[in-house]
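Number of protein chains: 2
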Amino acid sequence: MREIIDLTKDLIRFKSTHTRPEEIQRCARFIETWFKEHDIPCVFMEFNGVPSVGALSAPRQIPVLLMSHIDVVNATDPLFEPFEKDGRLYGRGAIDDKYAAALSMILLKNRIESNRRRGLDDSTVPLGVLITGDEEVGGYHGARSALGGITCNFCIALDGGRVDKIVVKEKGILRLKVVAAGKTAHGARPWQGENAIERLMADCRIVKGFFEGLTEPEHWHRTMNLSLIHAGDSVNQVPDKAEATFDIRYTENDDVDDLIQRIGAAVSGKVITEEREPLFISPGSPYLDRLLALSTETRTGIAHGASDARFLTQFNIPGIVWGADGNSSQHSTDEHVEIQSIARLYDILDRFLTDIRENPI
Amino acid sequence: MREIIDLTKDLIRFKSTHTRPEEIQRCARFIETWFKEHDIPCVFMEFNGVPSVGALSAPRQIPVLLMSHIDVVNATDPLFEPFEKDGRLYGRGAIDDKYAAALSMILLKNRIESNRRRGLDDSTVPLGVLITGDEEVGGYHGARSALGGITCNFCIALDGGRVDKIVVKEKGILRLKVVAAGKTAHGARPWQGENAIERLMADCRIVKGFFEGLTEPEHWHRTMNLSLIHAGDSVNQVPDKAEATFDIRYTENDDVDDLIQRIGAAVSGKVITEEREPLFISPGSPYLDRLLALSTETRTGIAHGASDARFLTQFNIPGIVWGADGNSSQHSTDEHVEIQSIARLYDILDRFLTDIRENPI
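Residue numbers (the numbering used here), protein chains in the order written: chain X, 1 to 361; chain R, 1 to 361.
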C-alpha cells in the first residue's frame, strides 16, 4: 500500500492541467520511465499532442485492461502538494484519477515480478494498463484514439463508482445552443425593436418543458441544465441576438434525434447541436460476473456524469467503470481518496486476476 | 450654405470616435485654429482629457448659447468620407452632430464680421458657441463641466429635434442590474444545484411587469429594454450567478426612488443602480416664445432619448433641443442631414439673433 500511496503522491505533484500541456507530457514520461525502470515493456503513444502510456503485457488479446488518466482539472498550487490526514490522501487528482494510475502500475509490476519469480512468461499475466492524458476534455485523443488499437476482453475504467458500486451505465451528453434573433433599435425606443433576449427566454421555458415531470428517485431520466446565456453588446440598444446553451444528459430511454427535432420545432430560435456524446451501457460480461462473485459487497449501479467509458460502447468493448472511494470529492478543493478503499480495490483486482489466470474465460 | 457644408465635411473627416481620443483632440484643435484664423476669441477647455471649445463673444452673461458636439459613435472607415447625394450630406456625424458645430461656427463668424463692418463691439453679438467632445459617452467632462462655468439666458442644444420640432422634454435614464445567485453543481446532476439563470429569468418577468399596460400613442411613459444578460462560465456546471441589465427611461410622472424600491422588493436577486440620469424638462422661456413666433411651422414636442440637454435642467439654464432634419439616421450606416434643412435652421437662428439684438429680453 505504501508503494501505491507514494507513487500517487509523485503523480499528484505534476500540475497536469490542460492549461499546462507540458506537465501532462512530463507526467506521462515519468510513467514511461517508471515502467522501463521496472523492466516492463510499454509504449508511449501521442495523438494530436496528447500522450498515452500503454503497458500491455499480452500483446495480442488482453484479457483485462485497466484504464485511467493523469490529466486533472484546474486547481490552485497548494492542491498539488499531497498530504495524508485521517486515513485519506488529499490533493488534486487524488481520486480523479491518479490513485488509479498508480494502483494499476503497481498491480501490473507485482504480477509480472511474481510471474517472473516462478519462471513464467510475461504473456501469462492477464492484464494490460492504459493511462491517458485528456479524459477531462473529452478523451478524443487519449482513450478514443488508444482504444482503437487495443483488443481486450474486458476493460475496467478505474475512474468512477466506488468499491461497493460498479457503474454499468452512464448517461449520454447532448449540448444544444438556441440562438434567438430580434431587431435592434435604440434602447430609448424599445417599441421599435424586437428584443432577442425576451424571445430567448420564451424559448428557454419551452425547452424546460421537455424535462418537466421527470422525477424518478435515482434520476435515471433525461435532465437539462441551462448552463450559459449571453446577449447584448450595448446597454442602450435592443439586442438582436441572444444565445443559450443547454447541457442535456440522456438515457437509453430517449430518442435523441427525435428530441432534437421536437425542440427545434417548438422554439422560435435556431437550434444548433454543439456536442453529442453516446451513452455508456455495459453489455454484461462473464468477467463482470466473476468480479461480482469475488466481491460480495459490490453491486452494479448507474452514474449521471459521462466518462471515457463511453468509448468502450463505441468500440464494442465489454467493460465497467469502477474505483476507490472519493466521497464525490473529485474536482472540488478537498479532493481526496480513502486510502483503505485503495487497498480493498487492489485486493479484489489481484484475486480477480488470479482467478482469470487459473480459470481462463 | 456652401461654407457650412464644406466645414461640416472637414469635421466629418476626423474619425473622432471614443476609441480614438486623439482624433477628438485633433478635431477640437482644428476648431480652435479656425476661430483664431477668423479672429474670434475662443477658449480651449479640457476636463479629464476631454476637449471643449467655447467661443463666447459676450464674456459675462450670454443671451443665447448654441451647444453641439464633435464626438461620434463608431463607424467603418468609408463613413468618414462625406459625400452629397440627392440634397443630402452623408457621413458619420453628418446629423449627429458635426453639421451643428459647423453651423454655429459660421453663424457666429458671420454675425461678428457683420458687426465689425458696422463698427460695433463684439460684445453686442448676443451669441456664444460651445462645442464639446463627449456627448456620446455621457457628457460628464464636456457639457456638464463646461456649462458649470458659463452663464447664459437661453441655450439651444443643436442635437436633436428637427426644424419643425423643438424638443422641450427628454426622458431620464435609469440603468438597473439584477444579479441572481444560485448554487453550483455538476451539470449532470442539476437537481443538486440551484440554477441562477432560471432565477434571473423569473426576476426578468417580474421587472417586465412594472412596464406593462403603458401604451400611450406618443410613448410618453416609462419604458424598459432588457439590454444585456450574461451567465455561466462552463457548459457542464449549474451557474451560481446570473446578471441582467435593464435600460429604463422614465418621465416626470415617475417616482424613480419608489420604482427602484418596488423592483428591489419584488425580485429575488440583488438590484444595483448602475446609472441614473435626470430628465430634461424645458422650463419655458421668453426666448422660446420669440423663436416660435419667428418660425411659424415649428412646434414643441418630446424626445425619448437623453442628451446633454439634461445638464441644462441640472444647472437651471432655460433651453431647448433643436436641429436640422436627419430622418432619424443618427448612429446608422446611412447617417445624413438634409442640406436644405440646415439652410432653414440657419435662417431662423439668424433672424432670431437679430430680433434679440434689436429687442433685448
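Any given hint could be a false lead.
For chains that are exact copies, the list does not tell them apart, and a pair is met inside one copy or across any two.
When the alpha-carbon atoms are kept at most 20 angstroms apart in a straight line, the in silico SDA-like pairs for lysine to any residue are as follows [as the list claims (entries may be wrong)]: (1) LYS177 / ASP233; (2) LYS208 / HIS230; (3) LYS208 / GLN192; (4) LYS9 / SER114; (5) LYS241 / THR273; (6) LYS165 / GLU277.
Read the hints as simulated data drawn from the structure, not as lab findings.
Hints violated by the structure (listed by number, smallest first): 4 and 6
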